[in-house]
Amino acid sequence: MTETSLTMTPAASAQPNPPVNLPPSNSVLRHARYVVEENPVTGLSFALFVIIALCALIGPYIVPYDPLASNTTATLQAPSLHHWFGTDQLGRDIFSRVVVATRLDFVIAIASVAMVFVLGGLAGISAGFFLGWTDRIVGRISDTIMAFPLFVLAMGIVAALGNTVTNIVIATAIINFPLYVRVARAEANVRREAGFVQAARLSGNGDFRILLMHILPNIMPIMMVQISLTMGYAILNAAGLSFIGLGVKPPTPEWGIMVAEGATNIISGEWWVAFFPGAALMIAVFCFNLLGDGLRDLVDPQRRT
Amino acid sequence: MLATIAKRLVTVLPTLVGVVIVTFLLTRVLPGDPAVYFAGPAATPQSIAEIRKGLGLDRPLPEQFARYVNDLAHGNFGNSLSTGRPVATEITSRLPASAELTLLGLILSIVIAVPLGIFAAVKQGSWIDHLCRIVATAGVSLPVFFTGLLFVYIFYFKLGWSPAPIGRLDAFTTAPRNITGFYLIDSLLIGNFETFRSSLGQLILPATTLAVFSLAPIARMTRASMLSVLASEFVRTARASGLDSRTVIITYAFRNAMLPVVTTLGMVFSFLLGANVLVEKVFAWPGIGSYAVEALLQSDFAPVQGFVLTMAVLYVALNLLIDMLYGVIDPRVRLEA
Chain A
1 MTETSLTMTP AASAQPNPPV NLPPSNSVLR HARYVVEENP VTGLSFALFV IIALCALIGP
61 YIVPYDPLAS NTTATLQAPS LHHWFGTDQL GRDIFSRVVV ATRLDFVIAI ASVAMVFVLG
121 GLAGISAGFF LGWTDRIVGR ISDTIMAFPL FVLAMGIVAA LGNTVTNIVI ATAIINFPLY
181 VRVARAEANV RREAGFVQAA RLSGNGDFRI LLMHILPNIM PIMMVQISLT MGYAILNAAG
241 LSFIGLGVKP PTPEWGIMVA EGATNIISGE WWVAFFPGAA LMIAVFCFNL LGDGLRDLVD
301 PQRRT
Chain B
1001 MLATIAKRLV TVLPTLVGVV IVTFLLTRVL PGDPAVYFAG PAATPQSIAE IRKGLGLDRP
1061 LPEQFARYVN DLAHGNFGNS LSTGRPVATE ITSRLPASAE LTLLGLILSI VIAVPLGIFA
1121 AVKQGSWIDH LCRIVATAGV SLPVFFTGLL FVYIFYFKLG WSPAPIGRLD AFTTAPRNIT
1181 GFYLIDSLLI GNFETFRSSL GQLILPATTL AVFSLAPIAR MTRASMLSVL ASEFVRTARA
1241 SGLDSRTVII TYAFRNAMLP VVTTLGMVFS FLLGANVLVE KVFAWPGIGS YAVEALLQSD
1301 FAPVQGFVLT MAVLYVALNL LIDMLYGVID PRVRLEA
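Going down the list, the sequences are from chains A and B. Note that the first sequence covers residues 1 to 305 in our numbering. Note that the second sequence covers residues 1001 to 1337 in our numbering.
Hints may contain errors.
Said to hold, decoys possible - Mimicking SDA-like on lysine to any residue, the simulated pairs with C-alpha atoms at most 25 Å apart in a straight line are: (1) A/Lys249 - A/Thr144; (2) B/Lys1158 - A/Phe95; (3) B/Lys1158 - A/Ser268; (4) A/Lys249 - A/Ile58; (5) B/Lys1053 - B/Leu1072; (6) B/Lys1007 - B/Leu1259; (7) B/Lys1007 - A/Thr144; (8) A/Lys249 - B/Leu1259; (9) B/Lys1053 - A/Ser268; (10) B/Lys1123 - B/Val1262; (11) B/Lys1123 - A/Val41.
Unchecked claim - Distance windows between CB atoms, simulated: (12) A/Leu90 - B/Phe1157: 15 to 25 Å; (13) B/Asp1244 - A/Leu29: 50 to 60 Å; (14) A/Val50 - B/Phe1193: 48 to 58 Å.
Honestly, the hints are just simulated from the structure, not real lab data. All values derive from a computational prediction rather than experimental measurement. Beta carbons are placed, not taken as given, at the ideal position from N, Cα and C, and that holds for glycine.
Chain B with its partners taken away, still in its complex shape (with noise of 0.2 Å):
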């Protein structure tokens, strides 16, 4: 197992150098003066000239990009320019707020997604079949910003069941001690359980758009991958042989169609991460993306960088983790390897 996780990591090296090249061009090559980019809106002919020399821009470009790979081994993503404070320390701060929404979206997704799925295969052409059906074309359709936005509508404005989409906390809570970063976790391993109501009452709708959006695909997948698994000469066998159909399902069918499903999490995991951006936007969500969204508007670029980084090695690391899952679930990828 060992040498098969050692094997994968040696692949993910390439693209993970192809990653830190793209985010470097991004800024170097491309038209336009990064110095420019750098300085902001409102620089002078003088201060451009200073930040030039600053960055290192007057170099040659391996020199440059020498210059860049050092700085992000050593954990320098540079400084932001509107709030002067280090983009790398922003973005740690950051993420745990996107990844506790980001995670909680993916587990309601695959919760509701894969017995659907399943459902829809076993009973094909029912009810649930054509529900399956409608929410997987209706769920790629809907644009998760708009989603977002008749949510907060119905169960905020309408409703009054949800908070004012004001950020992680009620006005009034204050934030558990940090220790995971997860407010859900935190607030629940120091015993704080009002934190943790109001917490979870900030993350629902978010959580819930995020997982409108991701359903479809495993909803789809899982129903595909059961149907054709179900077909099979094992099932029937199984069937044959006078086992309950539960155990048919869920024992024999349901392990062998979940390894296409596992391997469609990669392109949801790509789907999340950017609709995370929009939703942390609508949510007015403390995260990476609304820090990157801010920057955006304002041309300061470093943090901007950082997070198309910080993004792109979060997702190569997610695709890796999908392959090892790959060889928990399935006893012949290990042998293969």
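Chain A extracted, bound-state conformation (with noise of 0.2 Å):
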């Protein structure tokens, strides 16, 4: 996303030129801590996003322990100053496994997000921009998959593509298909007709160019809203998947397949096994929700509730 598209909420892009008066990183950052002042909670969300992007980056470097090292005479231990997050049952340092596994999830859900901004985010300018039968096709497609409960048809693509982390990826971008769709596509349709589309027509661009250069740029704050908002939800289904055993392989450490492992202990009391990994899920699924709330509060604030 580049700073300058940042400023231009929806109404003002709809117009060639919006009144620029101070130099655009200036007014961003302004606004950014206007916003933040304004919702606390937007700041907090944001300190959260950087902790976990930093153990996504550096999780591995830094653990104490190997994710991996079973350790047969500490097995099932409780939280304590060597093991902050207690131990499972082959003895491995459950903190350790939750830090690393935040990549794991991470690049899951980027992954997936990124893959249905794609595919998404193309067919539904398309949709808006050609609409006749891009629309009609399009606009089936998103039907059909919306016809279905979405985690179970991530389930039956997953069992159906193969029993793989990609294939999860695969999923989660499918079922979020539909919504990327509906936003991208009511946004291209209002520009459609606007000036700064016409003088680009007249200027002699093809609809391919005005699409990809001049709408296209146009929607990217409203669809980067889309895409924190979705963020927190492709977090929660990926890990729903591997709970139900789909995609991550038990060694490897990932947190829904962590609460999997210790769905068992939580029965005999050793609550701390699929406690951690569980709360670390919210945390982040928590992060993305505020995060996409308060970015949306930035680049459409009539949209604020």
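Reconstruct the complex from the two isolated chains, following the hints.
This is the structure we're talking about:
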């Protein structure tokens, strides 16, 4: 996302020349500061996001134990100074596993969101711009996807494509497809006859060039909000799939599968095995949901609730 | 009214066709050999070839599709590999367990979320409004399997209030005679209160888990739509005419505010039917979700396909029901149709 595109609200971007008196970066910062001051929760969620991103980036290098190393002399130990989050039934350090798992969960979510952003975004703006058959076909595809309970469809897709992490990414992307199509279609449709589009057409630009060079950059802010709103759902969905045993294979640290592994210990009272990965998952999803709301306030003040 | 229903039923047809095509495609066109899936992991090349012939996979695709639709029309969902039993009978016998759980979860969540949303809107900015906001944000962030496990730990292990999560009934209680398939209703019908209590005890935790999950969208929507209705002119007129606030809120505002909430129920059902699978796994609930999960892990594809199709058809039917409910609540919808 470029900084200039962030300053444009949808209303302003419909006109070709938003009046910008200040240098763009300055006004973005000022606006961002205003939003954070207005709603400190957004600031908090941004701080959380930085922590999660750091865990994903450098997590494997800073954890105190090898996340895969089992230790039969220290199985199922309660949280202590040595093992902050305790150990599991194989004596692996849960803190290390939770931190290392961040990267995999993060990558699954980002990959699926990036995929649906490209596919759903392009399908949506084409549908909204060309209308006619393109619109009907894209609409029919999204309607069919929406006819399924989404998690159930994801299960079916992973079952059919094969039980791998890549297919979890694909399934998560597919079930989010209608959401992206709807937003992109509506935004592109509004701008279809906008002044700047007509100007571009008069200067001899072809349809595809207008779509990619003129309309797409203008709807980027809205799409970014959509991305952060669906990131949380993507993480939840992927963790849910791995909780029921799809995708990620056992020794790999991943939040969903770690909760599943700890599920049997819950009944005998060893709560920490499932609790910490579950809490990490919850915090990550919470953070993305808040961040999405905050980003929407920043980009699209009219939709604030 | 009948004409409206008929008209709406016709619009459902393309959706159903889409659903059937997708469930068919899930096995046939995607990469990998469906015969290998159906044969299971321990199959020899010979048995795979046999299965391919038996399933008609050596035929052209449209013919396979016609055969699939024909099978479905005769209620034949194929056979499970691991148990050898027909998928259709298994799903029909397990469906009431899932339905009972999901419906109780939904009822619980409506009973909590709607009043919460109304109070939050009426007393905007009060503690109940903040509570509503916290519930709405936290509810969508909680992984449903995690909430379920937390409940098991607190209410079973720590407090001992709820029974072990081992299914629909305690180990020493027998299932009531099958009338509706819903243990709560069946046990009441035959007057067996011990079974009723045992079944309710087993149901309460998973149903609450589902309710916590689906609370958020309902509460949020109730609050938002109540707020906009309360700000409208007819409410102001009603207030100005001297009606007491109880009448204004319940009779005037509430009914109008319910329309968007009923619409949200469609989305809530999509979440609930998915979350149901996870909750069934956590509580060892013998429903169709856990059936599908078991089959999935054994690469037994026929039950999964049957499950996806059943869920999709159920979901389409529920959406249809919601549309009709909409007509019941709002006379304007009836007039337009």
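These are the hints, each one checked on the structure:
1. Restraint check for A/Lys249 and A/Thr144: not satisfied, since their Cα atoms lie roughly 31 Å apart, outside the 25 Å limit.
2. About 24 Å separates the Cα atoms of B/Lys1158 and A/Phe95, which keeps this hinted pair within 25 Å; it holds.
3. Between the alpha carbons of B/Lys1158 and A/Ser268 the distance comes to roughly 10 Å, so the proposed pair stays at or under 25 Å and holds.
4. The hinted pair formed by A/Lys249 and A/Ile58 meets the criterion: a straight-line CA distance of about 22 Å does not exceed 25 Å.
5. Taken as a hint, the B/Lys1053 and B/Leu1072 pair is honoured in the structure, with Cα atoms around 19 Å apart against an allowance of 25 Å.
6. A threshold of 25 Å between alpha carbons decides the hint, and for B/Lys1007 with B/Leu1259 the separation of about 21 Å falls inside it, so the pair holds.
7. The straight-line distance between the Cα atoms of B/Lys1007 and A/Thr144 is roughly 19 Å, inside the 25 Å bound, and the hint therefore holds.
8. For the suggested pair A/Lys249 and B/Leu1259, the alpha carbons sit about 45 Å apart, so the restraint of at most 25 Å is broken.
9. As the CA atoms of B/Lys1053 and A/Ser268 are separated by approximately 49 Å, the hinted pair breaks the 25 Å bound.
10. Only pairs whose Cα atoms come within 25 Å are accepted, and B/Lys1123 paired with B/Val1262 is accepted, the gap being roughly 22 Å.
11. With a C-alpha separation of about 22 Å, the suggested pair B/Lys1123 and A/Val41 falls inside the 25 Å cut-off, and the hint holds.
12. Our hint of 15 to 25 Å for A/Leu90 and B/Phe1157 holds, since their Cβ atoms are close to 22 Å apart.
13. At about 51 Å, the beta-carbon gap between B/Asp1244 and A/Leu29 stays in the expected band of 50 to 60 Å.
14. In this structure the hint that A/Val50 and B/Phe1193 lie 48 to 58 Å apart at CB holds, the actual value being about 56 Å.
Hints 1, 8 and 9, counting from the list given before, are not met by this structure.
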